Amino acid sequence: MRRTVSWIVLVLTALLLQSVVFGRLELAGAKPELIYLLAILSAYLEGPASGALTGFFGGMAQDFLLNQPKGITALTLTLVGYAVGSLRQYMPTPSPLLPVLLVAGATAVGVLFNGMFLYLIGRFDAGFAFLVRISVLSAVYNAILTPLAFPIVRWLIEGSRPRKVFRW
Amino acid sequence: MALARRTQRGTRLLVISLVMISLVTITLDYREGSSGPFESVGRGLFSIVAPMQDAVSRLFRPVGTFFSGLAHVGSLQAENRRLRAQLQESQTRGGQVTTLQQQLQQLEALIQIKDRLGLGSSIGANVIGSSVGNFHWTISIDRGSADGVGVDDPVIASAGLVGHVIEPITSCCATVQLIIDPGSAVAARLATSGDTGLIAGERNEPLQMQLVPTEVDVIAGEAVVTSGYQGGLYPPGIPIGTVSHVLNDPGSLSKVIQVRPAVDFSSLEFVLVVTGSQA
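Going down the list, the protein sequences come from chains A and B. First residue of the first sequence: 1, per my numbering; consecutive thereafter. First residue of the second sequence: 1001, per my numbering; consecutive thereafter.
Do not rely on the hints blindly, as some may be mistaken.
Stated by the list, open to error - Under 7 Å between C-beta atoms, here's a sample of chain A residues computed to sit facing chain B:
#1 G23
#2 L65
#3 T78
#4 D125
As the list claims (entries may be wrong) - Stretches of chain A that chain B covers, calculated by requiring three or more beta carbons in the stretch to come under 8 Å of a beta carbon on chain B:
#5 13-19
#6 26-34
#7 49-59
Hints in this document: simulated from the structure, not taken from any laboratory. Since this is a predicted model, take the numbers as computed values, not measurements. Every residue gets a Cβ at the ideal spot worked out from N, C-alpha and C, and that includes glycine.
If we strip away everything but chain A, and leave its shape as in the complex, we get:
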């Protein structure tokens, strides 16, 4: 219960920060994708199931609370969370660069997928070159924010794990 409430607060905070603060802090015309960041870090720390769930609910929250086309962000982040969580088990390196690179790569792929899906349903007409540019810039922006977000997400996950009980 406490973990659920913590995640709800974190997702809501991310959405508010993205729409209010980061709405003015664009990187060459691109905004960060904070919900993507949360889903990817969740997948990195806890595996594919957690990543997929965080991505699904985070994406649905973004789509419904901020009135975007419903379901597309949820679909994108479910797949991104699952993919990152599945790939993570094949990357045992403890390098601190790994989460940054993973966030950058997964964000770029996720934004590309999102844009192409929007194009398929006729809700995107800004051009493929623009889509590629935005996906790269969002990825860079998310990568820059990863060192700030990683400790917060890890603290949240580790704090919500049930403590081991030893019965003698």
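Given chain A, work out where chain B should sit, using these hints.
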């Protein structure tokens, strides 16, 4: 080993279920459109989030303005010198008065443009948020249906045209589609020659004015305003921007003109919503 396989199968089933739910949601939202249940739910949830955006916006406005200034450091240097002279004078009255004065100047500029254009009933609004994603160019304002704001109401800033109101609108807040959105189209007129065309949004690039006959003489720096035809969205005469570049294609039947927007969409704080009947 068997446990690991069962866990993997369980995870795959979970992901497939979530993907199916997402696809059903996408399909229902696409088919039902603005009259569907999801739109009503979205509107309801937006009415919960919008006041939070308003509160966070007031809290973070100084922080956001500081970092936004860093991104525009080149153009701010000259402005900085002028403001330093002003600041010395107002420092004796306290920092709070300086902030109030700047806000008052912006509001006075809004009233001036409203009087100059002869706009009817209108209401001022604060910008409380911008679009979350990278593929939508919208802002949220703290006025809604309870204040008389309706869909398609034009929205202007002190410098010129901002956009028009779109769904969702709640009693307290509304969403505004900016003219830089690729889905936006504004009937426009060249202020000097009077020739008309259509302004299309180009995201963060200069606007493009299309359907201008090739024989029309266009000069750089010429003002572009709304044409305000009968039944259109926008009243006539609202500044849209200035001509920055003319693209001549010998084989084309019309010119394409690049227009630098009059409004700085990255630093919108106060806007005016023109309520009631338009052009």
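message: Need the list of violated hint numbers for this structure, in ascending order.
response: none
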